[in-house]
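Undergrad: Fit chain B to the known structure of chain A by using the hints.
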Amino acid sequence: MGSVRTVALILKAREYSETSLVIRGFSRDFGQFTALAKGARRLKHYRAGALDLLCCSEVTLRRRPRTGLDLLHEARLIREFFALGRPFVECLAGHVVAQVLLGLTFANVPEPRLFQAAMATVGEPTEPRLLQFLWDAVCALGHCPTLDRCAVCGIPMDHRPQSVRFCPVAGGILCERCPPVVLPGHRISRGALRALQLLAKGPSGSRRKLRFQGQIRVELWRLTADLVETLAARPLNALRTYLRQTGIGTAQGSTRRTALQTPPESDRLPNRAVRP
Amino acid sequence: MAGYSRSIRDLIELLTQLPGIGPRTAERLSLYLVHHQPYARRLAQAIEQVARRVRRCAICNNFTETEEICEICRDPNRDRTRICVVEQPRDLVVIESSGAYRGLYHVLGGRISPLEGVEPDHLSLDHLVKRIHDQQPEEIILATSPTTEGDTTASYIVELLRDLPVQITRLARGLVPGSGLEIATADMLVNAIRDRRPVERPGR
Numbered sequence: 001m002g003s004v005r006t007v008a009l010i011l012k013a014r015e016y017s018e019t020s021l022v023i024r025g026f027s028r029d030f031g032q033f034t035a036l037a038k039g040a041r042r043l044k045h046y047r048a049g050a051l052d053l054l055c056c057s058e059v060t061l062r063r064r065p066r067t068g069l070d071l072l073h074e075a076r077l078i079r080e081f082f083a084l085g086r087p088f089v090e091c092l093a094g095h096v097v098a099q100v101l102l103g104l105t106f107a108n109v110p111e112p113r114l115f116q117a118a119m120a121t122v123g124e125p126t127e128p129r130l131l132q133f134l135w136d137a138v139c140a141l142g143h144c145p146t147l148d149r150c151a152v153c154g155i156p157m158d159h160r161p162q163s164v165r166f167c168p169v170a171g172g173i174l175c176e177r178c179p180p181v182v183l184p185g186h187r188i189s190r191g192a193l194r195a196l197q198l199l200a201k202g203p204s205g206s207r208r209k210l211r212f213q214g215q216i217r218v219e220l221w222r223l224t225a226d227l228v229e230t231l232a233a234r235p236l237n238a239l240r241t242y243l244r245q246t247g248i249g250t251a252q253g254s255t256r257r258t259a260l261q262t263p264p265e266s267d268r269l270p271n272r273a274v275r276p
Numbered sequence: 277m278a279g280y281s282r283s284i285r286d287l288i289e290l291l292t293q294l295p296g297i298g299p300r301t302a303e304r305l306s307l308y309l310v311h312h313q314p315y316a317r318r319l320a321q322a323i324e325q326v327a328r329r330v331r332r333c334a335i336c337n338n339f340t341e342t343e344e345i346c347e348i349c350r351d352p353n354r355d356r357t358r359i360c361v362v363e364q365p366r367d368l369v370v371i372e373s374s375g376a377y378r379g380l381y382h383v384l385g386g387r388i389s390p391l392e393g394v395e396p397d398h399l400s401l402d403h404l405v406k407r408i409h410d411q412q413p414e415e416i417i418l419a420t421s422p423t424t425e426g427d428t429t430a431s432y433i434v435e436l437l438r439d440l441p442v443q444i445t446r447l448a449r450g451l452v453p454g455s456g457l458e459i460a461t462a463d464m465l466v467n468a469i470r471d472r473r474p475v476e477r478p479g480r
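Protein sequence lines, in the order shown, are assigned to chains A and B. First residue of the first sequence? That's 1 in our numbering, and the numbers climb one at a time after it. First residue of the second sequence? That's 277 in our numbering, and the numbers climb one at a time after it.
Next up, chain A with everything else stripped away, as it sits in the complex (with noise of 0.2 Å):
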């Protein structure tokens, strides 16, 4: 097969023999790829700057989809991250948006609107817009969770009250009549239901200038890494440490301890499968 270029975020360099590395990326016109970088370790390849974690490169790529490692021609930087004189919690935000990328996204499937999402998060990685970026990523791969009616029932949930449950596994809010509340969810105020509503509406102007503070932020972020790492199926280590840097996940927790935690004795619901 010829080769390709593209533009990609490199999301993951490892290491690979003295002198070559092992590149995951995700690209604008192929998703998420896997590549050999043969030499790229050396003093004065031309390539070492523009592999580095976080940086936006044209790449050139041999793809060899039969072993799913392509090789990795050429490299050249657009955009460094700088991580440099940034706050903390900026690098860390960065590190976020490598690592859902890496849990979420698959090989050979274009994500161009995810890419360009990816593209201005890591560009101004403020907390805003990873929040933004996290529902972004779920409603662009298709796992927006339902937030009009009950994700089991289906029921309208148009009489505006003053809390609901939240289920990432059943995929959205659930009414309180629907019993199947055996698996971990949150229960969310009216407040920061109505900021979901808005987060999941998709791309709009007005959107990018979302900022939620107090309770409703602490909510928001819970639940979205919550709803993120279930997609994931694993727990995501840069969003655990984003959090607790930002004060939001507690101090020795993690946000998957805080989701699972037992459910209020109101959210519990008879459990055929481990009743006696």
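Keep in mind that the hints were calculated from the coordinates and are not lab data.
In silico negatives: residues of chain A with every beta carbon more than 12 Å from chain B:
1. Val7
2. Ala107
3. Ala120
4. Pro128
5. Leu147
6. Val152
7. Ser163
8. Cys175
9. Arg194
10. Gln213
11. Ala233
12. Gly247
Just some of the chain A residues that point at chain B, by a computed CB distance under 8 Å:
13. Asp52
14. Leu84
15. Cys91
16. Ala238
Ideal Cβ placement from N, Cα and C applies to all residues, glycine included.
TA: This is chain B only, laid out in the frame that chain A set:
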């Protein structure tokens, strides 16, 4: 590895756990050791000594042997007003071999890498803060690697030491001496322009 005796199989398995050693290389090394028994004994002794005697320096976290404090921290001729922060002992060795620096070091024991699960708590950063309080150096030189993860670590240290009365500097980066501008990459030039410094003019 069927066909080999149990001790050779164990040796192959142990060697396979070393970084960069695959099963075939481990097999080749094992057979070499079997055929060169005097060397194998010397190697075993050396490994045993390293495992028994080498420990971390109580001050800088570098490797030390027998003493609790390493040679560099014990050296009275060292400049004690400067501490160079490095990721690994091998980085210290590289800087030492350059001969350009005669101050003290602090070895972090890694770098912050959220993707790999390495967080600030996993590095000897509390120790560094305590050391700065105790020794009151004038300058901390950040010599973390010039990568995103190394810079993330440096960024964390800058925030950690923000309120301490110490100057924080980092290693310069940019053009390679002896090379021409035409072969410099874009990021080399960006760094070089950003890190430019005044030229000293004699007689002024």
